[in-house]
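Student: I would like the entire structure built from these sequences, with the hints used as guidance.
2 protein chains.
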Amino acid sequence: MKATVRIMLHDNVLDPQGKAIRHALETLGFSGVERVRQGKLITLELAETDPGKARQRVREMCEKLLANTVIESYEIDIAEQS
Amino acid sequence: MKATVRIMLHDNVLDPQGKAIRHALETLGFSGVERVRQGKLITLELAETDPGKARQRVREMCEKLLANTVIESYEIDIAEQS
Numbered sequence: 136m137k138a139t140v141r142i143m144l145h146d147n148v149l150d151p152q153g154k155a156i157r158h159a160l161e162t163l164g165f166s167g168v169e170r171v172r173q174g175k176l177i178t179l180e181l182a183e184t185d186p187g188k189a190r191q192r193v194r195e196m197c198e199k200l201l202a203n204t205v206i207e208s209y210e211i212d213i214a215e216q217s
Numbered sequence: 136m137k138a139t140v141r142i143m144l145h146d147n148v149l150d151p152q153g154k155a156i157r158h159a160l161e162t163l164g165f166s167g168v169e170r171v172r173q174g175k176l177i178t179l180e181l182a183e184t185d186p187g188k189a190r191q192r193v194r195e196m197c198e199k200l201l202a203n204t205v206i207e208s209y210e211i212d213i214a215e216q217s
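From first to last, the protein sequence lines stand for chains R and B. Start counting the first sequence at 136; every next residue gets the next number (this note's numbering). Start counting the second sequence at 136; every next residue gets the next number (this note's numbering).
One thing to keep in mind: the hints can contain errors.
Since the list gives no way to pick one copy over another, a pair counts as held whenever it fits inside one copy or between any two copies.
Okay, derived cross-link-like pairs now, DSS-like style, lysine-lysine, Cα gap no bigger than 25 Å in a straight line [unchecked claim]:
1) K188 - K154
2) K199 - K175
3) K199 - K154
4) K199 - K137
5) K154 - K137
6) K154 - K175
Treat the hints as calculated values from the structure; they're not laboratory data.
Tutor: Below you can see the structure in the form of structure tokens.
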């Protein structure tokens, strides 16, 4: 079973990486980019076969390791492997 | 208009960050994690209002700056802002 975790900084937290990307895009001539935010994308392949249990497990991983919940929020997608 | 770009290393490229996460999860007692890959998630707010043009523009940004297409692949989602 495959899980995808999207981790982004909270909307009110400064994102210097995003700002740097926005600035670089502008320098390259890409105008009209109003805001850029950068986050993390983590894919996990799990031995677990029950989607509910897998989601619960990944939520624990996020709380303990993957995300810093003080400044980041996370979303979890669980997909059965094709 | 909002664009989301998901950037992942090609499947055959080594991902030391992913390996480190997998190892850390194991150390924390999370067994059954077979593989972890870490990528980037970039959200862009664009002044462009035409979805087709926005996608084309973001594709150019990926090719020129956001992704290293030698080792990374990217996917683009375009969503009208609510």
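Student: Each of the hints needs a verdict: does it hold here or not?
Tutor: Hint check results:
| no. | hint | in the structure |
| --- | --- | --- |
| 1 | K188 - K154 | between (38 Å within a copy, 23 Å between copies) |
| 2 | K199 - K175 | both (16 Å within a copy, 20 Å between copies) |
| 3 | K199 - K154 | between (28 Å within a copy, 17 Å between copies) |
| 4 | K199 - K137 | within (19 Å within a copy, 30 Å between copies) |
| 5 | K154 - K137 | between (32 Å within a copy, 16 Å between copies) |
| 6 | K154 - K175 | both (16 Å within a copy, 15 Å between copies) |
The structure fails none of the hints (numbered hints given earlier).
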